[in-house]
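Asker: Put chain B on the given structure of chain A with help from the hints.
Spelled out from the first residue to the last, the chains are:
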Amino acid sequence: GIQVEQSPPDLILQEGANSTLRCNFSDSVNNLQWFHQNPWGQLINLFYIPSGTKQNGRLSATTVATERYSLLYISSSQTTDSGVYFCAVGENNNDMRFGAGTRLTVKP
Amino acid sequence: SAVISQKPSRDICQRGTSLTIQCQVDSQVTMMFWYRQQPGQSLTLIATANQGSEATYESGFVIDKFPISRPNLTFSTLTVSNMSPEDSSIYLCSAGHVEAFFGQGTRLTVV
Chain A
10 GIQVEQSPPD
20 LILQEGANST
30 LRCNFSDSVN
40 NLQWFHQNPW
50 GQLINLFYIP
60 SGTKQNGRLS
70 ATTVATERYS
80 LLYISSSQTT
90 DSGVYFCAVG
100 ENNNDMRFGA
110 GTRLTVKP
Chain B
7 SAVISQKPSR
17 DICQRGTSLT
27 IQCQVDSQVT
37 MMFWYRQQPG
47 QSLTLIATAN
57 QGSEATYESG
67 FVIDKFPISR
77 PNLTFSTLTV
87 SNMSPEDSSI
97 YLCSAGHVEA
107 FFGQGTRLTV
117 V
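Chains A and B are the protein sequences, given in the same order. Residues 10 to 117 in the numbering used here are what the first sequence spells out, letter by letter. Residues 7 to 117 in the numbering used here are what the second sequence spells out, letter by letter.
Don't read these hints as lab results, they were simulated from the structure. Idealized CB from N, CA, C, for every residue including glycine. Heads up, a few of these hints could be off.
For each label pair, taking beta carbons as the anchor points, the in silico distance ranges come out as [claimed, not checked]:
{"no.": "1", "chain 1": "B", "residue 1": "88", "chain 2": "A", "residue 2": "73", "range": "32 to 38 Å"}
{"no.": "2", "chain 1": "A", "residue 1": "88", "chain 2": "B", "residue 2": "7", "range": "24 to 30 Å"}
{"no.": "3", "chain 1": "B", "residue 1": "59", "chain 2": "A", "residue 2": "85", "range": "47 to 53 Å"}
Residues on chain B that point at chain A, a partial pick, calculated with CB under 8 Å [as the list claims (entries may be wrong)]:
{"no.": "4", "residue": "39"}
{"no.": "5", "residue": "42"}
{"no.": "6", "residue": "49"}
{"no.": "7", "residue": "51"}
{"no.": "8", "residue": "96"}
{"no.": "9", "residue": "106"}
{"no.": "10", "residue": "108"}
Next up, chain A with everything else stripped away, as it sits in the complex (with noise of 0.2 Å):
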């Protein structure tokens, strides 16, 4: 089945820093999300983005699906984006393949 990478696996900053984390997959995809899991366990749809860029707010991805990887940009960073990161491809229906997530920690 496709393989999805996600690097850095962990990641500590200042708040008001900058940061990018990769998404690598091994296969074309249908759908590619990335998602930000509170503390609370709960997924939060940051981007659906199968190709293209995106921008909300502080925060922007961008997916090269000729390349399979995706891109996602956090600026400014706060406090509150500390949690884990995922991005999770789907090839058919929205059965959705997850990476082993990169932990972000935004320090004051």
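Answerer: Positioned in the frame of chain A, the structure of chain B alone reads:
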């Protein structure tokens, strides 16, 4: 978008018992999905639930341990059977028309 409601949100269960988790979607969807997230790990797909047919299970998951019902296009249940402490996890359901949305999860602790 899709709004997905799951219950219970958490439970503590005795080993050897079973727990049924309910998932309700605010619109009709063809497929619903069940995931497990073990402590400190990522999400793993358990099975795909289609209305009117048996669920399709991923490698490593079997129907006897995780029976699934899908009685209509907005509802599904996952049962965790004959539980052991190794079943302590967060269980999540998912659905969506284009983009996948997730319920808030059921945090299960087996003692």
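Asker: Now tell me, hint by hint, if it's right for this structure.
Answerer: A quick look at each hint next to the structure:
1. Separation of residue 88 of chain B from residue 73 of chain A is about 46 Å and departs from the stated range, judged on CB atoms against 32 to 38 Å.
2. For the hinted restraint 24 to 30 Å between residue 88 of chain A and residue 7 of chain B, the CB-CB distance of approximately 28 Å keeps it satisfied.
3. A hinted range of 47 to 53 Å for the beta carbons of residue 59 of chain B and residue 85 of chain A is consistent with their spacing of about 49 Å.
4. The interface hint given for residue 39 of chain B is met, as the beta carbon of that residue sits about 6 Å from the closest beta carbon of chain A, less than 8 Å.
5. Because the beta carbon of residue 42 of chain B sits about 11 Å from the nearest beta carbon in chain A, more than 8 Å, this interface hint is broken.
6. Interface hint at residue 49 of chain B: satisfied, since its Cβ lies 5 Å from the closest Cβ of chain A, which is below the 8 Å cut-off.
7. This hint holds: residue 51 of chain B has a C-beta 6 Å from the nearest C-beta of chain A, less than the 8 Å allowed.
8. Taken as an interface hint, residue 96 of chain B checks out: its beta carbon lies about 5 Å from the nearest beta carbon of chain A, inside 8 Å.
9. With its C-beta approaching chain A no nearer than about 4 Å, residue 106 of chain B sits inside the 8 Å limit, and its interface hint holds.
10. Contact between residue 108 of chain B and chain A, as hinted, is supported at the beta carbon level, the nearest pair being about 4 Å apart and thus within 8 Å.
Checked against the numbered hints above, the structure breaks hints 1, 5 and satisfies the rest.
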